[in-house]
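Residue numbers (this note's numbering), protein chains in the order written: chain A, 302 to 454; chain B, 100 to 462.
Mixed in with the good hints, there may be bad ones.
List time: in silico DSS-like cross-link candidates among lysine-lysine, alpha-carbon distance up to 25 Å [unchecked claim]:
hint: 1; chain 1: B; residue 1: Lys314; chain 2: B; residue 2: Lys219
hint: 2; chain 1: B; residue 1: Lys272; chain 2: B; residue 2: Lys286
hint: 3; chain 1: A; residue 1: Lys328; chain 2: B; residue 2: Lys202
hint: 4; chain 1: A; residue 1: Lys333; chain 2: B; residue 2: Lys134
hint: 5; chain 1: A; residue 1: Lys333; chain 2: B; residue 2: Lys316
hint: 6; chain 1: B; residue 1: Lys203; chain 2: A; residue 2: Lys416
hint: 7; chain 1: B; residue 1: Lys286; chain 2: B; residue 2: Lys269
hint: 8; chain 1: B; residue 1: Lys219; chain 2: B; residue 2: Lys316
hint: 9; chain 1: A; residue 1: Lys416; chain 2: B; residue 2: Lys186
hint: 10; chain 1: A; residue 1: Lys416; chain 2: B; residue 2: Lys286
hint: 11; chain 1: B; residue 1: Lys202; chain 2: A; residue 2: Lys333
hint: 12; chain 1: B; residue 1: Lys219; chain 2: B; residue 2: Lys260
hint: 13; chain 1: B; residue 1: Lys202; chain 2: A; residue 2: Lys337
hint: 14; chain 1: B; residue 1: Lys219; chain 2: B; residue 2: Lys272
hint: 15; chain 1: A; residue 1: Lys333; chain 2: B; residue 2: Lys258
hint: 16; chain 1: B; residue 1: Lys136; chain 2: B; residue 2: Lys186
hint: 17; chain 1: B; residue 1: Lys104; chain 2: B; residue 2: Lys142
hint: 18; chain 1: B; residue 1: Lys136; chain 2: A; residue 2: Lys328
hint: 19; chain 1: B; residue 1: Lys136; chain 2: A; residue 2: Lys337
hint: 20; chain 1: A; residue 1: Lys337; chain 2: A; residue 2: Lys416
hint: 21; chain 1: B; residue 1: Lys203; chain 2: A; residue 2: Lys398
hint: 22; chain 1: B; residue 1: Lys258; chain 2: B; residue 2: Lys316
hint: 23; chain 1: A; residue 1: Lys328; chain 2: B; residue 2: Lys272
hint: 24; chain 1: B; residue 1: Lys134; chain 2: B; residue 2: Lys186
hint: 25; chain 1: B; residue 1: Lys142; chain 2: A; residue 2: Lys337
hint: 26; chain 1: B; residue 1: Lys269; chain 2: B; residue 2: Lys258
hint: 27; chain 1: A; residue 1: Lys328; chain 2: B; residue 2: Lys134
hint: 28; chain 1: B; residue 1: Lys203; chain 2: B; residue 2: Lys219
hint: 29; chain 1: B; residue 1: Lys203; chain 2: A; residue 2: Lys328
hint: 30; chain 1: B; residue 1: Lys316; chain 2: B; residue 2: Lys272
hint: 31; chain 1: A; residue 1: Lys438; chain 2: A; residue 2: Lys416
Source of the hints: derived by calculation from the structure; they are not laboratory data.
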Amino acid sequence: MSENILILFMFFILLGLGLIFYSNVQKQSILKLQEKNFELMTIETAQRASFLPEVQCSIDNVMTDNCFDIFKVEAFAAALEEPENRQLYFPAFGNSKITVRQIYPAEEEYLVYEKIPLNVTDNISIQLPVSILDSSKLEKGYSFGMIEVRVFR
Amino acid sequence: MKSNKKAAIEVQFNWIFILIVGAIIIIFFFSIVEKQKTAADIKLASGVLTQLDAITAGAGVSLGSVNELEMPDAGINFICENESCSKIGCFSEYSLQLAEGVKKDYSTEPIFTPTRIEGKNLITWTQGFDVPFRAVNFLYLTSDNVKYYIVYDLMSESKAKSLNKSLPDKLNKELISVDDVPSLRDKGNYKVRLIFYDTSLEPDDSSITLPDLGKTKDEDITALHVTGPTNYVYDLEFFEKDGQQFVSTGTSYALANSSLFGAILSDDIGMYECNMKKAFNRLNVVAGVYAERVSSLGGELFLTDPECAAMFAGEAYFGEIRDSSAALYLSLNGQKLSAIGSAMGNLRTLNRQAIIQSCPTFY
Numbered sequence: 302m303s304e305n306i307l308i309l310f311m312f313f314i315l316l317g318l319g320l321i322f323y324s325n326v327q328k329q330s331i332l333k334l335q336e337k338n339f340e341l342m343t344i345e346t347a348q349r350a351s352f353l354p355e356v357q358c359s360i361d362n363v364m365t366d367n368c369f370d371i372f373k374v375e376a377f378a379a380a381l382e383e384p385e386n387r388q389l390y391f392p393a394f395g396n397s398k399i400t401v402r403q404i405y406p407a408e409e410e411y412l413v414y415e416k417i418p419l420n421v422t423d424n425i426s427i428q429l430p431v432s433i434l435d436s437s438k439l440e441k442g443y444s445f446g447m448i449e450v451r452v453f454r
Numbered sequence: 100m101k102s103n104k105k106a107a108i109e110v111q112f113n114w115i116f117i118l119i120v121g122a123i124i125i126i127f128f129f130s131i132v133e134k135q136k137t138a139a140d141i142k143l144a145s146g147v148l149t150q151l152d153a154i155t156a157g158a159g160v161s162l163g164s165v166n167e168l169e170m171p172d173a174g175i176n177f178i179c180e181n182e183s184c185s186k187i188g189c190f191s192e193y194s195l196q197l198a199e200g201v202k203k204d205y206s207t208e209p210i211f212t213p214t215r216i217e218g219k220n221l222i223t224w225t226q227g228f229d230v231p232f233r234a235v236n237f238l239y240l241t242s243d244n245v246k247y248y249i250v251y252d253l254m255s256e257s258k259a260k261s262l263n264k265s266l267p268d269k270l271n272k273e274l275i276s277v278d279d280v281p282s283l284r285d286k287g288n289y290k291v292r293l294i295f296y297d298t299s300l301e302p303d304d305s306s307i308t309l310p311d312l313g314k315t316k317d318e319d320i321t322a323l324h325v326t327g328p329t330n331y332v333y334d335l336e337f338f339e340k341d342g343q344q345f346v347s348t349g350t351s352y353a354l355a356n357s358s359l360f361g362a363i364l365s366d367d368i369g370m371y372e373c374n375m376k377k378a379f380n381r382l383n384v385v386a387g388v389y390a391e392r393v394s395s396l397g398g399e400l401f402l403t404d405p406e407c408a409a410m411f412a413g414e415a416y417f418g419e420i421r422d423s424s425a426a427l428y429l430s431l432n433g434q435k436l437s438a439i440g441s442a443m444g445n446l447r448t449l450n451r452q453a454i455i456q457s458c459p460t461f462y
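Using the sequences and the accompanying hints, generate a full structural model.
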């Protein structure tokens, strides 16, 4: 009888150790998945920002990829200063900072969207090259620039 | 004698002890298996929702493309509450049937789908909401297990054929005459949708008798009556099967073809209007951006190109579209949609003039 009890006791100790080991492995796997999802979310945010009709160049509604119309960028940035509009775009951009920078020939920076959480533990930045179009200069209206999307958590 | 009795009791007690402990061990392992099964379901659901999230994010990248994706035969539920709509979006979420606690919010993205998607293949399609400038990208989701019938009569046959051609080939669709409706047969689809395109008879007309479509429930057999367009606006009426007849569930409007496609794929008027309200919220912002752009560009062109500057100075249609779309989150007003449709036509003309005169385009 006492032997049975001792055997069961040892069995449950081994089982407990096995469960502790398994849960640690699961925890590591979950942390890796969280990191992967954060990177995916950053890429998705950058994708959304790059293909936003609100800022993309267009000629007769034919959208030009990797091109931002500077007048639209300025107007959109001004529109996002209104709290309601910022809230409207929060599901798309989340806690992030989106900046459009003109690099050549002149340097300019336009802050399009910004929402930084109070406690930031990590952030990932993605920079993509874009053309910047000044529609008022038909012949030589294109500049070289980039869009930076920094996502926070 | 006494020791025999003691031994007998001890053996019995031993067996009882073994049974109790055995039961505890079995219950313990069953509970682990159950928890692991739940965890696996949640993991699968999260994986599918992450994939759908990537699809919605990529909706703007390759417009017009139609894709077919394999997904677990788990069913996806979509909710979009029409009454909850405000200037900042509508309460909307999607979840997998096998793990309903795992949900994803899409409160500002217009995604037109049936209320429930079942089947092994998910069909995705994207179109731009062009009014006439791109306001937002629409994502349409459906299953190859949903059957779409485009119904025509003598007068609307060519229009129906044109609509059939506009819809993706991957959709499970069929063109039928209004006379063929009573002879429809069950083809094992969990949802059936009939689109009466510009037919003189409405779906709830007493002369249209609906057949019994086997296991497909009445609430999954729906219809849409479309008339128009007039000034880019279609009149819509949604129906649901009740017995052998269709019963109207409400009327609405569609602005431009992309909205009409949304009405075709949405089997519920509430879902359709909810997603359209999200689209008009975005239109409000985009029209404001264009109005501001025109104003700034007009000022810049004043010195370098006075002719183009004059054209830009006289433009007011973006403002009209912005103002008309401002309150559409409350209800889809036919008059305001007509006003937008009218401004659309004027903007198209103005843009063409700008191209002819080598001026910067309005959009």
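Against the structure, the hints come out as follows:
no.: 1; hint: Lys314(B) with Lys219(B); verdict: holds (19 Å)
no.: 2; hint: Lys272(B) with Lys286(B); verdict: holds (12 Å)
no.: 3; hint: Lys328(A) with Lys202(B); verdict: holds (22 Å)
no.: 4; hint: Lys333(A) with Lys134(B); verdict: holds (21 Å)
no.: 5; hint: Lys333(A) with Lys316(B); verdict: violated (44 Å)
no.: 6; hint: Lys203(B) with Lys416(A); verdict: holds (21 Å)
no.: 7; hint: Lys286(B) with Lys269(B); verdict: holds (17 Å)
no.: 8; hint: Lys219(B) with Lys316(B); verdict: holds (20 Å)
no.: 9; hint: Lys416(A) with Lys186(B); verdict: holds (19 Å)
no.: 10; hint: Lys416(A) with Lys286(B); verdict: violated (51 Å)
no.: 11; hint: Lys202(B) with Lys333(A); verdict: holds (21 Å)
no.: 12; hint: Lys219(B) with Lys260(B); verdict: violated (28 Å)
no.: 13; hint: Lys202(B) with Lys337(A); verdict: holds (19 Å)
no.: 14; hint: Lys219(B) with Lys272(B); verdict: holds (17 Å)
no.: 15; hint: Lys333(A) with Lys258(B); verdict: violated (54 Å)
no.: 16; hint: Lys136(B) with Lys186(B); verdict: violated (41 Å)
no.: 17; hint: Lys104(B) with Lys142(B); verdict: violated (57 Å)
no.: 18; hint: Lys136(B) with Lys328(A); verdict: holds (17 Å)
no.: 19; hint: Lys136(B) with Lys337(A); verdict: holds (23 Å)
no.: 20; hint: Lys337(A) with Lys416(A); verdict: holds (22 Å)
no.: 21; hint: Lys203(B) with Lys398(A); verdict: holds (23 Å)
no.: 22; hint: Lys258(B) with Lys316(B); verdict: violated (30 Å)
no.: 23; hint: Lys328(A) with Lys272(B); verdict: violated (47 Å)
no.: 24; hint: Lys134(B) with Lys186(B); verdict: violated (42 Å)
no.: 25; hint: Lys142(B) with Lys337(A); verdict: holds (14 Å)
no.: 26; hint: Lys269(B) with Lys258(B); verdict: holds (20 Å)
no.: 27; hint: Lys328(A) with Lys134(B); verdict: holds (16 Å)
no.: 28; hint: Lys203(B) with Lys219(B); verdict: holds (20 Å)
no.: 29; hint: Lys203(B) with Lys328(A); verdict: holds (23 Å)
no.: 30; hint: Lys316(B) with Lys272(B); verdict: holds (19 Å)
no.: 31; hint: Lys438(A) with Lys416(A); verdict: violated (33 Å)
In this structure, the hints that do not hold are numbers 5, 10, 12, 15, 16, 17, 22, 23, 24 and 31, in rising order.
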